[in-house]
Amino acid sequence: MDVSYRWLQRHVDLEGVSPGDLARELTLHTAEVEDLRPFAPALGTVVVGHVVSRERHPDADKLSLCRVDVGNGDPLQIVCGAPNVDARQNVAVATVGAVLPGDFKIKKSKIRGVESRGMICSERELGLGEEHDGIWVLPEGLSVGAPVAEALGSIEGPGGVRALDWIVEIDNKSLTHRPDLWGHRGIAAEVAAIRGLPLKPLDLELPPTGDGAPFPVRIETAGCSRYVALPIEGVQVTRSPDWLRMLLLAAGQRPLDLLVDVSNFVMLDLGQPNHLFDGEALRSGIVVRDARPGERMTTLDGTERELGPEDMLICDGDEPVALAGVMGGEGSKVNPGTHRLLLEVASFHPVTVRRTASRLGLRSSASARFEKHLDPTLPGKAAAHLVNFLRELGQDVRLPAPPTDAGDWTDPARTVRLRGARVRSLLGVELSTAEIGALLERLHFGVAPGADADELAVSIPSARATKDLSIEEDLVEEVGRLIGYDRIPEQALTDAVHPMARDERRVLVRRVQDRLSGGARFHEARTHTFLPAELAAALGVADEPYVRVVNPASEGLERVRRGVVPSLLGRLETNLRERPEVRLFEIGKGYRPEVEGDRGQPAEVHEVALVLAAPRPGPGARFDAGAQARLTGVVDDVVRTVRRRELTWSRAEGPLPGWAHPGRTAVGAVAEAGEGPPVALVTELDPVAARRLGLEEHDVAAAWIAVDALAAVPIPRSWFQPLPRFPGVKVDVALECPEELAHAELAAAVEKAGKGLVRELELFDLYRGENLGAGRKSLAYHVLLQAADRTLTDKDCARFLDRVERAAGDLGARLRRE
Amino acid sequence: MNVDLDDHLEEARRRIAEAADEAALRAVERAYVDKGGVVAEMLASIPGLPPEDRKAVGVNANRLKTAIQEALEARRSELADAELEARRGARGFDPTVPGTPQRRGSLHPLTQLQRHVEDVFTSMGYLVLDGPEVELDEYNFQKLNIPADHPAREMQDTFWCDRDQHLVLRTHTSPVQIRAMEQLEPPFRTIVPGRVFRNEELDATHSHTFHQVEGLCVAEGVAVGHLVMTLRTALREVLMKDDLDVRLRPGYFPFVEPGFELDVRCPFCADGCRICKHTTWIEFCGCGMVHPNVLRAGGIDPERFSGFAFGFGLDRLAMMWAAIDDVRHFLEADLRFLEQF
Ligand SMILES: [Zn+2]
Numbered sequence: 001m002d003v004s005y006r007w008l009q010r011h012v013d014l015e016g017v018s019p020g021d022l023a024r025e026l027t028l029h030t031a032e033v034e035d036l037r038p039f040a041p042a043l044g045t046v047v048v049g050h051v052v053s054r055e056r057h058p059d060a061d062k063l064s065l066c067r068v069d070v071g072n073g074d075p076l077q078i079v080c081g082a083p084n085v086d087a088r089q090n091v092a093v094a095t096v097g098a099v100l101p102g103d104f105k106i107k108k109s110k111i112r113g114v115e116s117r118g119m120i121c122s123e124r125e126l127g128l129g130e131e132h133d134g135i136w137v138l139p140e141g142l143s144v145g146a147p148v149a150e151a152l153g154s155i156e157g158p159g160g161v162r163a164l165d166w167i168v169e170i171d172n173k174s175l176t177h178r179p180d181l182w183g184h185r186g187i188a189a190e191v192a193a194i195r196g197l198p199l200k201p202l203d204l205e206l207p208p209t210g211d212g213a214p215f216p217v218r219i220e221t222a223g224c225s226r227y228v229a230l231p232i233e234g235v236q237v238t239r240s241p242d243w244l245r246m247l248l249l250a251a252g253q254r255p256l257d258l259l260v261d262v263s264n265f266v267m268l269d270l271g272q273p274n275h276l277f278d279g280e281a282l283r284s285g286i287v288v289r290d291a292r293p294g295e296r297m298t299t300l301d302g303t304e305r306e307l308g309p310e311d312m313l314i315c316d317g318d319e320p321v322a323l324a325g326v327m328g329g330e331g332s333k334v335n336p337g338t339h340r341l342l343l344e345v346a347s348f349h350p351v352t353v354r355r356t357a358s359r360l361g362l363r364s365s366a367s368a369r370f371e372k373h374l375d376p377t378l379p380g381k382a383a384a385h386l387v388n389f390l391r392e393l394g395q396d397v398r399l400p401a402p403p404t405d406a407g408d409w410t411d412p413a414r415t416v417r418l419r420g421a422r423v424r425s426l427l428g429v430e431l432s433t434a435e436i437g438a439l440l441e442r443l444h445f446g447v448a449p450g451a452d453a454d455e456l457a458v459s460i461p462s463a464r465a466t467k468d469l470s471i472e473e474d475l476v477e478e479v480g481r482l483i484g485y486d487r488i489p490e491q492a493l494t495d496a497v498h499p500m501a502r503d504e505r506r507v508l509v510r511r512v513q514d515r516l517s518g519g520a521r522f523h524e525a526r527t528h529t530f531l532p533a534e535l536a537a538a539l540g541v542a543d544e545p546y547v548r549v550v551n552p553a554s555e556g557l558e559r560v561r562r563g564v565v566p567s568l569l570g571r572l573e574t575n576l577r578e579r580p581e582v583r584l585f586e587i588g589k590g591y592r593p594e595v596e597g598d599r600g601q602p603a604e605v606h607e608v609a610l611v612l613a614a615p616r617p618g619p620g621a622r623f624d625a626g627a628q629a630r631l632t633g634v635v636d637d638v639v640r641t642v643r644r645r646e647l648t649w650s651r652a653e654g655p656l657p658g659w660a661h662p663g664r665t666a667v668g669a670v671a672e673a674g675e676g677p678p679v680a681l682v683t684e685l686d687p688v689a690a691r692r693l694g695l696e697e698h699d700v701a702a703a704w705i706a707v708d709a710l711a712a713v714p715i716p717r718s719w720f721q722p723l724p725r726f727p728g729v730k731v732d733v734a735l736e737c738p739e740e741l742a743h744a745e746l747a748a749a750v751e752k753a754g755k756g757l758v759r760e761l762e763l764f765d766l767y768r769g770e771n772l773g774a775g776r777k778s779l780a781y782h783v784l785l786q787a788a789d790r791t792l793t794d795k796d797c798a799r800f801l802d803r804v805e806r807a808a809g810d811l812g813a814r815l816r817r818e
Numbered sequence: 001m002n003v004d005l006d007d008h009l010e011e012a013r014r015r016i017a018e019a020a021d022e023a024a025l026r027a028v029e030r031a032y033v034d035k036g037g038v039v040a041e042m043l044a045s046i047p048g049l050p051p052e053d054r055k056a057v058g059v060n061a062n063r064l065k066t067a068i069q070e071a072l073e074a075r076r077s078e079l080a081d082a083e084l085e086a087r088r089g090a091r092g093f094d095p096t097v098p099g100t101p102q103r104r105g106s107l108h109p110l111t112q113l114q115r116h117v118e119d120v121f122t123s124m125g126y127l128v129l130d131g132p133e134v135e136l137d138e139y140n141f142q143k144l145n146i147p148a149d150h151p152a153r154e155m156q157d158t159f160w161c162d163r164d165q166h167l168v169l170r171t172h173t174s175p176v177q178i179r180a181m182e183q184l185e186p187p188f189r190t191i192v193p194g195r196v197f198r199n200e201e202l203d204a205t206h207s208h209t210f211h212q213v214e215g216l217c218v219a220e221g222v223a224v225g226h227l228v229m230t231l232r233t234a235l236r237e238v239l240m241k242d243d244l245d246v247r248l249r250p251g252y253f254p255f256v257e258p259g260f261e262l263d264v265r266c267p268f269c270a271d272g273c274r275i276c277k278h279t280t281w282i283e284f285c286g287c288g289m290v291h292p293n294v295l296r297a298g299g300i301d302p303e304r305f306s307g308f309a310f311g312f313g314l315d316r317l318a319m320m321w322a323a324i325d326d327v328r329h330f331l332e333a334d335l336r337f338l339e340q341f
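Note that the protein sequences, when read in sequence, are chains A and B.
1 is the number of the first residue of the first sequence in our numbering; add one for each residue after it.
1 is the number of the first residue of the second sequence in our numbering; add one for each residue after it.
Read the hints as simulated data drawn from the structure, not as lab findings.
By construction, the Cβ of each residue, glycine as well, lies at the ideal position given by its N, Cα and C atoms.
Derived list of chain B stretches under chain A, where covered just means 3 residues or more per stretch with a C-beta under 8 Å from a C-beta of chain A:
(1) 110–116
(2) 119–132
(3) 208–222
(4) 259–269
(5) 287–295
(6) 321–334
Chain A on its own, in the form it takes in the complex (with noise of 0.2 Å):
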């Protein structure tokens, strides 16, 4: 909301106040000012000039030649194409060199062969509104040559730069819970309290008025709690004088004709909204309804809407005039002829109006207000203030009739009670009861006695008990706002603090992160928790159940994703479009919609996401270079750091994502954690997905750790090995073996085979080829056998193999002696 400072000095003596220490102050005691700046600064760079005389231009009907007097002594010649400009008058001028808003720099020119130094400004030139029908003609009396805004009356700000007026500019979401502050009067208020100054009386009484009939009203609808109409005549509808339409420019507002600039006036001075009709356009009487579903009517802005029954009508009989807080309608618009007017001043509906108007996209600075709960005495205060206006600016105004006061409405003005004790205890600081009631009584509450010594009865008025005040601590915000929070003094926490349970999850998720993030070389990615729809089809996951969101950022973005592999996965091609390999990890949550969690809401997963993208390896390359293997290495290296464990590997069994290559993967669990869900699992990517997301060309695995399933293994303790005292000795064994059989059997047997020797047993070789025959693989391994009591000789060697081969041999594999 911009404030007027000028205006604000209509309430307040502003004497010793600069604009940059109530901008400072309020940001302090009351709310953000986002930016302080000064109003039209061009008025500091024109200057006042007097029309010394005008003549027709000789070759131009429509251009005047005039001498401007700018007070130096010697007449400037300026070309003015204006037609209301005219001997005698003083206006603003733009002298050569000077430069006017949008980059506009004045130059010596030639219009039609003569010479014109300078040029004689409209509003619009100096940024002033949109009027540009003719040249802005000054009040008589300023002092020639002087700059506009100096002989206006100029105020001077931060760095001592003096304009006209100030715009002190408060961030709106900071007044969300003030709708007192949504006018000058309001603001002038907390200024006051803050600087315990005196608040200027305002009249706020209706003049009397004549005993004609009061105009009929009837509400049907529980969104309007009060409709106040005063019929209004003899308004001539003029010009606004210049420091009225300055004060609505200061204030945002674009100033149009008399009686539009009143109506707003008054809105930016109590905050309170209000409506003129064209009294001769109403018929029969105002009915304040619901719309029906499907009515229509046309807005001031010319614009049909299609309505429903969640909007507010204003209606003349059954014919709507306007949308409830919202905007007039057509029909009823004031236009110059009227003199028969109607005044309507009315409590809304909060919540009805902000769903009107943003359903609408018909936001303003009325319903901005009526969504804050406004205060419900303002309509009768606002009506007289509007007439009592109307008459300061000279206006003869008859009111024929009493004003109508139609409603159902309760004055929420309440009393607290407020212990002193609970301020000085919530804020910390030093504060007699006394004091207390004091600093209330700056802020305009009333303060009595209460139950005892230490008590106030706090009488909070209506304009702050709508929403805002209700509660004892809401007067302790009160005060400390009002003494500063600068004056609060610090203290330590003395409480005693407990040792802190271990949380596992995040030991474990840091542990994990450092481990990928270093030896595996893994870059640590943050995605999106939607799941595009377009990646879910590409990923064959499109039709798993989801959390949605109903209304998404935008179309495709419902789903909220169930893991957080297919988020990685889709952010592969570009990666790799950059270079050869990509290796990524998340640790995030994903949700499922089928399962409960602790309160009700979707259970919550928390994964370790990895995906590795590289080149397909070479024929020659080891067996184990391949993506899948390498990230199978990455999971069992995870799980050993943070929990000291084996992972078992198996094929997975039931229903697969579709993303998961449905032949080649595998799942891996904690041996001695039995039968309970996987730690881990890795695949390859399905061939199909990796078509669909352009990743054919390369070698795709991924895999995932469940985060709380690993944290819930516990951690092995390790005992001290005796330091082996007796040299080992390394045997190379080679099986050769039909594809079914698995490496873990073969490499079980080859141990036991060992009858307690083997130390190390490692997988170097694995081989499919020709020579081996369809549906055979050669396996070999490095043993280190290793005695605790002995040296190993050959012939230890030797009974070793001979047992491997008869184990082999009852798996129907072969032992492979070269």
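Fit chain B with the ligand to the given chain A structure using the hints.
This is chain B with the ligand only, laid out in the frame that chain A set:
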């Protein structure tokens, strides 16, 4: 004979002194000391000598051998020293040739900053908590003193989920305040880093998904002064600026009363810069004393206990910290971005 001996010794010493390497020394050794060498010949000649000379020749031959061996050893040691000395020279060394590259991965900048923040607060006795991102309306709004028709619900542009509209993507980390109160007995202190969502247009400074750190401290007699000292102390560590100044000004959040905005003195300038919009203050976090309705919703008696709460944006802090110009980078998983951290 003696002349002969002296000649041999002199000659051998000369050759040894001239020897530049082991090969030359070995040649001397072969010529004099080894089988078939001068000493061996002298000894071999003994049987043909008169008996009275035999002993002297034998002694002389051995003396010669010993003397040559000593000279050889001395020269060897000299050569070894010279070689060591030569190895200590600087030739062939370019200190600017890079070391063997050790490639590494990286931690997300938000992770790094989050850890830093967690470490500061845990050192001050705060427990780190987590809460669900798909949250019940009850926790995200109602229990936080945000009733059904409150403008905050529209103000925050909530993402609503299906299931009869009771579910939202949490719009702040504050629902974890209630969860913490339900789970912990006062006194307690806790922070909650986490992901939050608001239905906003994406641009360089706005994302519909961002990260917050919530803080909550509940105990007997907690006052505004405790909040100020806690945040000033913590933010000095977080921003690593020992003389960091903070200030409170009024701010409105339905779940605190009184409510504040906390500004920190701009750590980047002394008298105004682009980052602080030339005010020397940076709006850092919303905070306040926990509203009694919120304490009650969490099952805590507001007459006995009071508390303060605060919340700040991690993304904005990271952007300030590393001069990141676009919030969208954080969730794009672009390696060109990630590798920088
Ligand atoms: Zn700065």
